[in-house]
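Undergrad: Let the hints inform the model, and build the full structure from the sequences given.
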Amino acid sequence: MLVLLGVGLRLKPQEIPSPLIGKRAPEITLPQVEDGRGLFRSSDMRGKVWVLNVWASWCGPCRAEHPALLELSRLAVAPVVGLNYNDQRGDSLQWLREVGNPYNVSAFDGDGKAGIEFGVYGVPETFVIDKQGLIRLKLTGPVTQEIVKDKLLPLIRELDHG
Amino acid sequence: MVKRWWLLLLLFFAAAASAAQDAAQLERRVNHVAEQLRCLVCQNQSIADSHAQLALDLKREARLQLSQGRSEQEVIDFMVQRYGDFVLYRPPFKAITMVLWLGPFVVLAAGSTALLYNLRRRELREDALEEV
Chain A
8 MLVLLGVGLR
18 LKPQEIPSPL
28 IGKRAPEITL
38 PQVEDGRGLF
48 RSSDMRGKVW
58 VLNVWASWCG
68 PCRAEHPALL
78 ELSRLAVAPV
88 VGLNYNDQRG
98 DSLQWLREVG
108 NPYNVSAFDG
118 DGKAGIEFGV
128 YGVPETFVID
138 KQGLIRLKLT
148 GPVTQEIVKD
158 KLLPLIRELD
168 HG
Chain B
604 MVKRWWLLLL
614 LFFAAAASAA
624 QDAAQLERRV
634 NHVAEQLRCL
644 VCQNQSIADS
654 HAQLALDLKR
664 EARLQLSQGR
674 SEQEVIDFMV
684 QRYGDFVLYR
694 PPFKAITMVL
704 WLGPFVVLAA
714 GSTALLYNLR
724 RRELREDALE
734 EV
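Residue numbers (our numbering), protein chains in the order written: chain A, 8 to 169; chain B, 604 to 735.
Some hints here could point you the wrong way.
[What the hints assert, rightly or not] The calculated lysine-lysine pairs, modelled on BS3-like cross-linking and capped at a C-alpha distance of 25 Å, are:
(1) B/LYS662 <-> A/LYS120
(2) A/LYS30 <-> A/LYS55
(3) A/LYS138 <-> A/LYS120
(4) A/LYS30 <-> B/LYS697
(5) A/LYS158 <-> A/LYS138
(6) A/LYS156 <-> A/LYS55
Calculated from the structure, these hints are not laboratory results.
TA: Have a look at this one:
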């Protein structure tokens, strides 16, 4: 009984395993956050390993993970695409100006429909998608420098060679 | 002439009533689906009971799909494909959820066996004491 309790306390019920791992990433076509930049099409990313980071200007933990994302973006190992989830354009733009823009492209998902396609239930969430368009990793919660170093970089390198 | 007007008015009300009935029926189906789906940000509520943004979004998606003629099961399958079994308020009976469903009965059986065993032993010991 005590063992069960111990295991139970260690589990994180907020982290729900995604059924999308190993599956094809949903196709999304969305306007960009910045006006007049045309559409973002996930199909254009085929052949590249890329990172999709789901964020919102109203999301506190997104601010916490921001330095790690800027670092990931600076290393330029893979395109980092932002999915701006359930947000207002003005707020998003101001947020990017304020804290810096780590994204190669920011797709604007104002009503959260693309978020539903990706099974997003809390922001921030981060996906790594391989050259064939398969989802290889999903992280829920803020990305840290350690996660970038220990999880994202090795995985991106491995997928790049594969 | 007047009669014709009455007829038109009647038709209008009939159409309005039928539209209202359709809307009410759709809402009932939306709620029926929503009651079976877990709100993933509040976990112990169904999305029918929750006012979290995600719950509202999922309800809106369910309403849209039902109004497009999808069945309730199709909408639920859509959610499970994206959010996993966890989105079901009532977990399905599968190998991986077996412990969840059968665990309590196993614990109950083990507990009652232990209890019976101990009672029997105590009885034997008391019998032995009486004999002395």
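Undergrad: For each hint, tell me whether it holds in the structure or not.
TA: Each hint, compared with the structure:
1. B/LYS662 <-> A/LYS120: Holds, at roughly 12 Å.
2. A/LYS30 <-> A/LYS55: 16 Å, holds
3. A/LYS138 <-> A/LYS120: 24 Å, holds
4. A/LYS30 <-> B/LYS697: OK: A/LYS30 and B/LYS697 at ~21 Å, within 25 Å.
5. A/LYS158 <-> A/LYS138: 18 Å, holds
6. A/LYS156 <-> A/LYS55: 20 Å, holds
Going down the numbered hints, you'll see the structure goes against none, and every one checks out.
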